[in-house]
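Trainee: Note that the protein sequences, when read in sequence, are chains A and B.
For the first sequence, the positions run 0 to 371 when numbering that gives the first Met the number 0 is used.
For the second sequence, the positions run 0 to 368 when numbering that gives the first Met the number 0 is used.
Treat the hints as calculated values from the structure; they're not laboratory data.
Bear in mind that the values here come from a model prediction, so they are computed numbers and not experimental data.
Among the hints, erroneous ones may be present.
Here are the computed lysine-lysine pairs in the DSS-like style, where the Cα-Cα straight-line distance is at most 27 Å [what the hints assert, rightly or not]:
#1 A:K78 to B:K10
#2 A:K281 to B:K92
#3 A:K365 to A:K78
Residues from chain A that keep clear of chain B, each with C-beta distances beyond 10 Å, as calculated [said to hold, decoys possible]:
#4 K12
#5 L24
#6 I26
#7 E56
#8 A89
#9 L144
#10 R216
#11 I226
#12 L237
#13 W245
#14 P250
#15 T319
#16 L357
Ideal Cβ positions, reconstructed from N, Cα and C, are used throughout, including at glycine.
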Amino acid sequence: MSAHMRLAAMVRKESLQILRDPSSLAIAFLMPLILLILFGYGVSLDAREVPVALVVEQPGAETERFVSGFGQSDYFVPKRFYSIQAAEQALRERRVQGIVWLRSNFADNVLDARGAPIGLTVDGVDANQARLLQGYVQAVWFRWLEAYARSRGVDLDVPVNLQQRIWFNPAVNSRNFLVPGLIGVIMTLIGALLTAMVVAREWERGTMEALMVTPIRIHEILLGKLIPYFVLGMGGMLLTVAVAEWIFHVPLQGSMWILLLASALFMGAALGMGLLISVVAKNQFVAGQVAIIVTFLPAFILSGFVFDLHSMPDAIRVITYIVPARYLVAIMQTEFLAGDVWMVVLPNLLALLIMALLFLALVRRKSHKHLE
Amino acid sequence: MLQHILALMIKELRAILRDKRSRIVLIGPPVAQLIVFGYAASFDLNNVPYAVYDANGGAAGRALLARFEGSPTFSFQGRLRNERELARAIDHKDVLLVLRLGADFERRLQRGEPADLQVIIDGRNSNTALIALNYVRSMLIDFNRDWAIRHGRAPPPAHLEVRPWFNENLVSRWFIVPGIVALLTLVVTLIVTALSVAREREAGTFDQLLVTPLRPVEILVGKALPGFLIGTIEATFIIFMAVWWFEVPLRGGLLPLYLGLWLFLLSGIGLGLMISALSVTQQQGLLGAFLFLVPAVILSGFATPIENMPHLVQYLTYLNPMRYFLVVVRGVFLEGADAALLWPQYWPMAVIGLVTLALAGWLFRHRMY
Numbered sequence: 000m001s002a003h004m005r006l007a008a009m010v011r012k013e014s015l016q017i018l019r020d021p022s023s024l025a026i027a028f029l030m031p032l033i034l035l036i037l038f039g040y041g042v043s044l045d046a047r048e049v050p051v052a053l054v055v056e057q058p059g060a061e062t063e064r065f066v067s068g069f070g071q072s073d074y075f076v077p078k079r080f081y082s083i084q085a086a087e088q089a090l091r092e093r094r095v096q097g098i099v100w101l102r103s104n105f106a107d108n109v110l111d112a113r114g115a116p117i118g119l120t121v122d123g124v125d126a127n128q129a130r131l132l133q134g135y136v137q138a139v140w141f142r143w144l145e146a147y148a149r150s151r152g153v154d155l156d157v158p159v160n161l162q163q164r165i166w167f168n169p170a171v172n173s174r175n176f177l178v179p180g181l182i183g184v185i186m187t188l189i190g191a192l193l194t195a196m197v198v199a200r201e202w203e204r205g206t207m208e209a210l211m212v213t214p215i216r217i218h219e220i221l222l223g224k225l226i227p228y229f230v231l232g233m234g235g236m237l238l239t240v241a242v243a244e245w246i247f248h249v250p251l252q253g254s255m256w257i258l259l260l261a262s263a264l265f266m267g268a269a270l271g272m273g274l275l276i277s278v279v280a281k282n283q284f285v286a287g288q289v290a291i292i293v294t295f296l297p298a299f300i301l302s303g304f305v306f307d308l309h310s311m312p313d314a315i316r317v318i319t320y321i322v323p324a325r326y327l328v329a330i331m332q333t334e335f336l337a338g339d340v341w342m343v344v345l346p347n348l349l350a351l352l353i354m355a356l357l358f359l360a361l362v363r364r365k366s367h368k369h370l371e
Numbered sequence: 000m001l002q003h004i005l006a007l008m009i010k011e012l013r014a015i016l017r018d019k020r021s022r023i024v025l026i027g028p029p030v031a032q033l034i035v036f037g038y039a040a041s042f043d044l045n046n047v048p049y050a051v052y053d054a055n056g057g058a059a060g061r062a063l064l065a066r067f068e069g070s071p072t073f074s075f076q077g078r079l080r081n082e083r084e085l086a087r088a089i090d091h092k093d094v095l096l097v098l099r100l101g102a103d104f105e106r107r108l109q110r111g112e113p114a115d116l117q118v119i120i121d122g123r124n125s126n127t128a129l130i131a132l133n134y135v136r137s138m139l140i141d142f143n144r145d146w147a148i149r150h151g152r153a154p155p156p157a158h159l160e161v162r163p164w165f166n167e168n169l170v171s172r173w174f175i176v177p178g179i180v181a182l183l184t185l186v187v188t189l190i191v192t193a194l195s196v197a198r199e200r201e202a203g204t205f206d207q208l209l210v211t212p213l214r215p216v217e218i219l220v221g222k223a224l225p226g227f228l229i230g231t232i233e234a235t236f237i238i239f240m241a242v243w244w245f246e247v248p249l250r251g252g253l254l255p256l257y258l259g260l261w262l263f264l265l266s267g268i269g270l271g272l273m274i275s276a277l278s279v280t281q282q283q284g285l286l287g288a289f290l291f292l293v294p295a296v297i298l299s300g301f302a303t304p305i306e307n308m309p310h311l312v313q314y315l316t317y318l319n320p321m322r323y324f325l326v327v328v329r330g331v332f333l334e335g336a337d338a339a340l341l342w343p344q345y346w347p348m349a350v351i352g353l354v355t356l357a358l359a360g361w362l363f364r365h366r367m368y
C-alpha cells in the first residue's frame, strides 16, 4: 500500500469517527456560534446608564443647570438624594456607582475667584469603570462650563483645548474591538478541544496498539488525525467571521484572504497544541485538565483581547509571545478595524507560522511507535 | 455512615492524586497562573507609547509636552515631521497616540485665545483609547489650571474634586487579583469533580459502586468532599498570596470571606458533579465542564462589568455562581463588607449548590446509558 493510500485511509477513518460522533461537529460549529453570539452581546466595556447619586444641598438656577446635564446624557441614570449621608449609604449598598455633590454654597462660590468645588465620589472597586465614570462626569462638567460662560455672554476662557480624533473606531464602540478578539479566544478553545483528547483516547482504549502493528507510519497517523480536524476548525472559523460581519456588523476593512491565511496558520498552531497535550498526557483525564488550563485562560488574559499588552511588566510580556492567540488577535483587530497594515500583519503571520511548525514538530518528536 | 463516606472520600482523593501528572496539574498551574495573571490582567495603562508632532516649537508647547515626558504613564517614542509619518506611526502600532500642536499654538495661547492640543489616537482597542484620553485630559486640566494661575487668567467657575472610595488610587490590580481567587477556585473544583463520575462510568466501576451498601447520598458526599478540601486549600493559598505578594488590602473579616467561599465551592461542586453524572464518557465530561466554565468566566463580571450587558444576558448571569462570589471577595477585600451586607450574594449560591447536588444524586441512579 502506498503512503498516499495509507494516509487517505487514515483520514477516512478519522472523518467517519467525527461524523458518527456528533459531539465533534457540535464543538466545531455549534459552540463557536453560540459562544460568539453570547459573548458578542454580553462582553462590553462601554458603561451606559450608570446609576449616579446627585446631592444638591441648595437647589437653585445654577445647580439645576448643572444637574440637567446628567439627565440628558445616556451615560447616566441620575438619582436625587437630599443628604450626602443617604447617598453614601446608597454607594455602600451598590445602588449607585458614584456621587456628585453640590454643596449649599455652590451658587456663591461660582462667583468667587477660586471657583466652586464639585465633589465627585466614585466606587473605586472596579478601577476601570471608575475611571470611565470620572471621564463622563468631566464631560458633563465641561459642557456646563461652556454653557455657563455663554449665559454670561463670554467665551469660555481655557488656555488649551483638547481636540480628540479616534482612528479606526470613531464611535469608540468596544464591541468592534472585542468581537475580532473573541474569535481568537473561541478558536483557541475549539482547536484544543477538538484534538486534546483524540490521541489520548486511542491510548486509553488500546486502539493505538492496534494501529501500531499496521504498516502505517507515525506521521501518517498524525496527519490523518490533523487533516479532518483542520477542515472542521476552518469551518468554525469562517462561521465566526460571518457572525462578526453580519450579526455584529463589525466592518471588515482588510482582505478576506489575509484573514483566511491567518486562520489557517492559527488552526495549525492550535491543533498542534491540542495534539501535543494529547500525545504527552496519554490519558484523557490529564489531557482534559491541561487543555482547560493552558488554552482558555491564557487566550483570555494574555492575548491582548481585553487587557492591553503594552501595560504588562516585561517579564509577563515575554510569556505572551508563546500564546498563539496573541498573534491572531492582533491580526484580527487590525484586519477588521484598520485594514491590511503589512507592518502589523506580516510579523504576526510569521509568528503564527513558526508556532504552527514548532508545535507540529514537537508532536512529531514526542510520538513514538512503540510501547512503553 | 460516616465511615462509608470517609472511605469513599479517601478513595476519591487517591484517584485524583495517585497520578503524578494530575498532582502537578492541580498544584503547578494555579500558582503560575496567579502570578502571571495577577500582573497581566490590568486595565491600568503605563508606558503608553506616544509621539509628538509639534509644528510650533514654542516654549509654552514644550512646557506642556514636558509634562507627558515626565509621566510614568506615557513613554516618548520620538518626533514626527509630517502627516505621513503620523499616519504610519499609528497604523503600524508604533505609538498609541500622537500629540499634535498647530503652528499657531504659542501665538493663540499668549493672546488669550483658545489654543488646541490635538490628540490622534488608535481606537483599535477602544477601552485603552478612552482611558488614555482620560489621562491626557487630566494632565491638560492641570496644565490649564497652572497656566491660568501664573498668567492671571480666571480659573473655571467650578472644578471637580474626585475622591475614589475603597480603591483610593484606582489600581485595577486590586479589582482583578481578588477576582482571580474566584476564577482559579472555580477551575480547580470543576477539574476535580467534572470527570469523577464519568471516569468511573467509562471504567465500569460506577455500577459496582452503586451495588455496594453505599447510599446515593453517601456517594454524593464522598465525591463532593475532595473537591471541597482541595478547593479550600487552593483558595486559601491564593488569598494568602493576594495579601502577601500582591499587597491587596484585606479589610473585612475571614468569616464572611470563607462563608462565601464554601457556598461558592458547594455550587461549583454541585455543577461539576451534575455535569459528570450527565456524561457517559470522560470526553463528554470535559466538554460539559468547558461549556459551563467558559461562559461562566466571561459573563461573571471578572473582566467586563455585568451592568454593561444587555438585560437578557444579565438575567442569564443569575445562574452563574461566580457572579455572586466575585462580589463577595471584592466586597470583603476592598470594602470590608460583613456577612449581613453580603447576604444577597450568599443565598443564591446556596440554592444553586443544593439544587445541582440533588440533581446529581438523582442522576447517579437514573441516568442510564
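Trainee: Next, verify each hint and record whether it holds.
Mentor: For each hint, the structure was consulted:
Restraint check for K78 of chain A and K10 of chain B: not satisfied, since their Cα atoms lie roughly 57 Å apart, outside the 27 Å limit. Using a Cα cut-off of 27 Å, the hinted pair K281 of chain A and K92 of chain B is violated, with the two alpha carbons roughly 42 Å apart. Taken as a hint, the K365 of chain A and K78 of chain A pair is broken in the structure, with Cα atoms around 63 Å apart against an allowance of 27 Å. Interface exclusion of K12 of chain A from chain B stands, the closest Cβ pair being 18 Å apart, more than 10 Å.
Listed as a non-interface residue, L24 of chain A keeps its Cβ farther than 10 Å from every Cβ of chain B; the least gap is roughly 12 Å. With a least CB separation of 7 Å from chain B, I26 of chain A falls inside the 10 Å interface cut-off, contrary to its annotation. Once the 10 Å rule is applied to beta carbons, E56 of chain A is consistent with being away from chain B; the minimum gap is 14 Å. The Cβ of A89 of chain A lies farther than 10 Å from every Cβ of chain B, with a closest approach of about 12 Å, so its non-interface assignment holds.
Not every Cβ of chain B is farther than 10 Å from the Cβ of L144 of chain A; the closest lies at roughly 5 Å, contradicting the non-interface assignment. Distance check on R216 of chain A: its Cβ is at least 27 Å (rounded) from any Cβ of chain B, clearing the 10 Å threshold; non-interface status holds. No beta-carbon of chain B comes within 10 Å of the beta-carbon of I226 of chain A; the shortest separation is about 20 Å. Once the 10 Å rule is applied to beta carbons, L237 of chain A is consistent with being away from chain B; the minimum gap is 21 Å.
Chain B leaves W245 of chain A outside its interface by the beta-carbon criterion, the shortest separation being 19 Å against a cut-off of 10 Å. A cut-off of 10 Å between C-beta atoms confirms that P250 of chain A is not in contact with chain B; the least separation is 12 Å. The non-interface label for T319 of chain A is inconsistent with chain B: the shortest C-beta to C-beta separation is roughly 7 Å, within 10 Å. At roughly 21 Å from the closest C-beta of chain B, the C-beta of L357 of chain A stays outside 10 Å, upholding its exclusion from the interface.
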